[in-house]
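Asks: Protein sequences appear in the order of chains V and B. The first sequence begins at 1 in my numbering and counts up by one. The second sequence begins at 1 in my numbering and counts up by one.
One or more of the hints may lead you astray.
Stated by the list, open to error - Mimicking DSS-like on lysine-lysine, the simulated pairs with C-alpha atoms at most 25 Å apart in a straight line are: (1) K89/V - K125/V; (2) K189/B - K128/V; (3) K9/B - K89/V; (4) K9/B - K86/V; (5) K9/B - K87/V; (6) K171/V - K125/V; (7) K125/V - K9/B; (8) K9/B - K127/V; (9) K171/V - K216/V.
These aren't lab readings, by the way, just hints derived from the structure by calculation.
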Amino acid sequence: MNVIELNHVTKRFDQFVAVKDLSFEVRQGTIFGLLGPNGAGKTTSIRMIVNIFAPDEGDVLVMSKHVSPELQSRIGYLPEERGLYKKMKISDQLVFFANLKGVNSGDAARRVDEWLSRLELSDWKNKKPTDLSKGMQQKVQFIASVIHDPDVMILDEPFSGLDPVSVSLLKNVILDLKQRGKTIIFSTHQMEQVEQMCDDICLINHGTQVLIGGLKEVKRRYGKNTVILDYEGPDSFLGDDLVKHHNRFPNYSEILLNDGADAQEVLKRALAAGARVNRFELVEPSLNEIFIESVTGKASSSKGGVSQ
Amino acid sequence: MRKVLIIIKREYLVRVRTRAFMIGTIISPLLMLALITLPIFFATRGGGDRRVTVLDQTGDPDMFAAIKRSLEARGEGDDELNRRDPGVGRTNYTLAQRVVAPSEDLQAVELQYQQQAAQDPNLTYLVLRPGSAEPLEVEYFAKNTSDFSIGTLERAINDAVSTLRLKRAGLNTAQIAAYTKRIEMKRNKITSSGGVEEGGRADFVVAFIMLFFIYMTVLIYGLAVMRGVIEEKQSRIVEVLVSSVRPTQMMLGKVIGIGMVALTQVGVWALSALVLTTFGVSVFASRGLTMPNVPISLLIYFVVYFVLGYFLFATLYALVGATVSSEDEAQQAQIPVTILLVVPMMIFNMIMANPTSNASIALSMIPFFAPTLMMMRIAVVNPPLWQILLSMLIMAASILGCVWVAARIYRVGILMYGKRPSIAELGRWLRYS
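Let's have the full structure, built from the sequences with the hints guiding it.
Replies: This is the structure in structure tokens:
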């Protein structure tokens, strides 16, 4: 069942088209990655889903209904740009946000306690945001978006500014929510996180859809055209005839091959040039690479996975 | 509606619980109390005792006696003399005479006193130069020559001298009292219903206090609304809020919530004012003013115009807040709104001078001026009811219009950061769906 559906949605601001003929579906109980460079139209799309903007054309359906103020209480939204009231106690603000979503104060207070202890913030309950670190405020903001136990959650860069411990804590919470059948739209620039967490992805650029589908399927479409090579020595043996794109990391190289180029040829040349090869692996391209290619349009001409 | 109530509750509690509010609400009445009671305290305590030595070279024995009688009689009972010097400190004068013989050198005596007075601040002296009563030259010497009680001294001398002159012209004491009795003009105000009621300078005081009060409170709380909007925008709380609440609800909740804070504060002040009125009466009386008789209807009008005025301006300030990204930008952007509020303060003299002219009537109908100018006209001239109702109607309609415009701008503006929009852009925002 699709919890969220966008059908040929267009949104304009004066002459500027923020979103153009965008369609996608989000299945219940999945994590859906909404990706795209800055200014691609992600936030506008999300704002249409949470009923901040109305689309100029097309339909936005949440649980098969057009979005409405009533549906807002079943959606939890953690915007990328988010804040807290400076002069209000943490618990008071969370109860306030819960109230706005239709949770009565008694229930809200109980849930605030639960969530604060789950995210290890109980000691800060009666403090004001100015006493909290940025990461802690971030966790409080996350609580504000889930305090009303919504069926749908939209998380825009939920991990930015968090330390690794908090990231893993929050990740587990999100995966747990998914286990409980919640549907999550996840928007981020951190492609590793998308690879770890998302079931489906939709990549948009300039307001239009560039890439859509299941994460595995999307990667499969690109085929195993990437060589991971861990070697010592110069990289001059890699000729332009073979390599389309070369990412040199401190410990290894990620080499995106030209169409029809043979991966074995890379290995041969490396050995011939006298490099010591510690690892040679033929893999699907990383999502990071797919993202950059799709967005910059580099070599997009021959890629089957890229829609026009 | 439920969501608006939740927002109202938050806006209200967050502000009422602050230390600034408590201090402002409690300290202000205490300050008022001090302002009212301190003058009473000093007025009733008086300026203490003052010894005045009169260096008298007039050679007229009646002169000193007359001055002494006139001055020492003051402050006792409901005397004609006291009525002219109300409340400015009942200084007790003790006069001593130092007769300077015509053969003596007055200047030498003066010099001697001058040197003494330089050492002793309590020593003051009065010089009556020769030439008898016609013309009499009087000079007063003291370390402090600017306190209020010196006026009393001067009037006492004048009274004494003119009485003495009249006596010498052949009038007896009873005649003098009868001829110099002051008259008092009674002020009567004709109401619009044709009746007559007691009027007075106090009307002006009431009108001005109400005018100023509406101006100050609307300004302070209107700016609080603007700052609240900017705070939510700057800290990006709006982003979270708009997914739960319509921007219009946010705006109304904020305006109403802060308005209730204003009403709470005004209510506390009004109550303390009521308590202080008892003190106030005596102050006004001691200043020679009758305490203004404020009719209940005037207070009701005051509340209605305050609420209407607050709503109109708070909505505009909310609009301004939504179009800017920081308080710095707001400083500039709020000027047009504040000017609308300040204009009545600059032209109220004109209205006060001629409250029934066509210009005054027209100006008091302009919705932005009505809360102050119509309020003032009501306090001063009792304009016909239709004018009052019409101005209220115009205001109510303007508020609806402003709420509509502000809500549409607000909705777009709170999610826009960066460059301040031009007027043309604001116009386009109005048309967004």
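Asks: With reference to the structure, classify each hint as holding or not holding.
Replies: These are the hints, each one checked on the structure:
For the hint pairing K89/V with K125/V, the CA-to-CA distance comes to about 7 Å; that is within 25 Å, so the pair holds. The hinted pair formed by K189/B and K128/V fails the criterion: a straight-line CA distance of about 58 Å is larger than 25 Å. Distance restraint check for K9/B and K89/V: the Cα-Cα separation of roughly 15 Å lies within the 25 Å cut-off, and the hinted pair is therefore satisfied. At roughly 17 Å between alpha-carbon atoms, K9/B and K86/V fall within 25 Å of each other, so this suggested pair holds.
Straight-line distance between C-alpha atoms of K9/B and K87/V comes to about 15 Å, which keeps the hinted pair within the 25 Å bound. A C-alpha spacing of about 22 Å is found between K171/V and K125/V, which places the hinted pair at or below 25 Å, so the restraint holds. Taking the CA atoms of K125/V and K9/B, the gap is near 20 Å; set against the 25 Å cutoff, the hint holds. Using a Cα cut-off of 25 Å, the hinted pair K9/B and K127/V holds, with the two alpha carbons roughly 20 Å apart.
Note on K171/V and K216/V: the hinted pairing holds, with a Cα-Cα distance of about 20 Å set against a maximum of 25 Å.
Violated hints amount to a single one, hint 2; each of the other numbered hints is respected by the structure.
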